[in-house]
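Engineer: Spelled out, the chains give:
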Amino acid sequence: MGWLLLVYRIPREPTKGRVYAWRKLKQLGALALQDAVWVLPATDRCRENFQWLASEIVELGGESLLFDTELLMGTTDDALRERFEEPVLAAYEEILTALEHREPDLAALSKKYQQTLIHDYFRCSLGERVRKKLLAASGGAQ
Amino acid sequence: MNWVTWESVGVDRMGCAWLIRRYIDAEAQFIFVPHASAPLPEDAEPFDIPGVRLSHHAGHCSFHAFLQQYDLEDPVLTRIARMIDEADTVQEVQLEPVAPGLDFLCEGIRLTSPDDETALNRGMMIYDALYARLSAERGFSDECERKP
Numbered sequence: 001m002g003w004l005l006l007v008y009r010i011p012r013e014p015t016k017g018r019v020y021a022w023r024k025l026k027q028l029g030a031l032a033l034q035d036a037v038w039v040l041p042a043t044d045r046c047r048e049n050f051q052w053l054a055s056e057i058v059e060l061g062g063e064s065l066l067f068d069t070e071l072l073m074g075t076t077d078d079a080l081r082e083r084f085e086e087p088v089l090a091a092y093e094e095i096l097t098a099l100e101h102r103e104p105d106l107a108a109l110s111k112k113y114q115q116t117l118i119h120d121y122f123r124c125s126l127g128e129r130v131r132k133k134l135l136a137a138s139g140g141a142q
Numbered sequence: 001m002n003w004v005t006w007e008s009v010g011v012d013r014m015g016c017a018w019l020i021r022r023y024i025d026a027e028a029q030f031i032f033v034p035h036a037s038a039p040l041p042e043d044a045e046p047f048d049i050p051g052v053r054l055s056h057h058a059g060h061c062s063f064h065a066f067l068q069q070y071d072l073e074d075p076v077l078t079r080i081a082r083m084i085d086e087a088d089t090v091q092e093v094q095l096e097p098v099a100p101g102l103d104f105l106c107e108g109i110r111l112t113s114p115d116d117e118t119a120l121n122r123g124m125m126i127y128d129a130l131y132a133r134l135s136a137e138r139g140f141s142d143e144c145e146r147k148p
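Residue numbers (our numbering), protein chains in the order written: chain A, 1 to 142; chain B, 1 to 148.
By construction, these hints were calculated from the structure, which means they are not laboratory data. Predicted model only: the values in this text are computed from it and were never measured. Keep in mind that the hints are not guaranteed to be accurate.
[Unchecked claim] Computed, partial: chain A to chain B, Cβ under 7 angstroms:
id, residue
1, Q27
2, L28
3, Q51
4, W52
5, S55
[Said to hold, decoys possible] Just the calculated beta-carbon pair ranges, DEER-fashion:
id, chain 1, residue 1, chain 2, residue 2, range
6, A, E93, B, Q29, 47 to 57 angstroms
7, B, R138, A, P87, 37 to 47 angstroms
8, A, R131, B, L111, 21 to 31 angstroms
Virtual Cβ for every residue (Gly too), placed ideally from N, Cα, C.
Work out the full structure: start from the sequences and follow the hints.
Structural biologist: Spelled out as structure tokens, the structure:
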């Protein structure tokens, strides 16, 4: 299993640039390690997104380094994977809980499902369950 | 004129190639280079490669950069740029439900094409269709506005 590592530095002022980069990383669902390195699984899509972000950071007056790597020691691929899955599972659980309510807002919940799916890089099985529940709740075929 | 970009084209580069052929250079020749490693040929205009003029800037896709650099002020093109923004880059605000589908189809075209040149040629049809559909929508809304 491969991992992409992004290390960057961006001028403290104006703060706009820093905030921009940080928000982008959050939107990508990247994981911060040791407050220094940002990690994403090495898929083509992630590689492309990280490359664009790295060049944008340079445009904002910063520096960035991007690595395509394999994990050697310190943790395991599975443990790292679990850290990506944690927020994804939590979001799926929230949808399942909301679906238990008497009149769930199905439009909002399916939107939330779609957004969660973007960060579900490892396609965990809970996602499939949420999908089925949403379909069932809408009265559609399972 | 020669235009160069990275190989394995997707939604943004197919859109850019369509825009180049339809609005900028009908005789455009495209050259494809492997990611990052290869040096860019000097006699070709690079696009959708990190760091060049016609590329992602301030969170917008390369198609968007083309519209700005070549002063293309067509509301339908602006709308397509927004769709590619949402399809190809991470956007907090998502207003175009078509965007993820457009991305999927372009990826599929790449997968079923023997090479990038063919993929760009096939992509022309998608973007012609998109342009026609969005223009029709505009015609409709103009009509609505005219009604008292």
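Engineer: Are the hints correct? Go through all of them and say.
Structural biologist: Evaluated hints:
1. Q27: Hint holds; A:Q27 Cβ to chain B Cβ min 4 angstroms, cut 7 angstroms.
2. L28: holds (6 angstroms)
3. Q51: holds (6 angstroms)
4. W52: holds (5 angstroms)
5. S55: At 4 angstroms from the nearest chain B Cβ, A:S55 passes the 7 angstroms test, so the hint holds.
6. A:E93 - B:Q29: 47 to 57 angstroms: holds (53 angstroms)
7. B:R138 - A:P87: 37 to 47 angstroms: Since B:R138 and A:P87 have Cβ atoms about 40 angstroms apart, the given range 37 to 47 angstroms holds.
8. A:R131 - B:L111: 21 to 31 angstroms: holds (24 angstroms)
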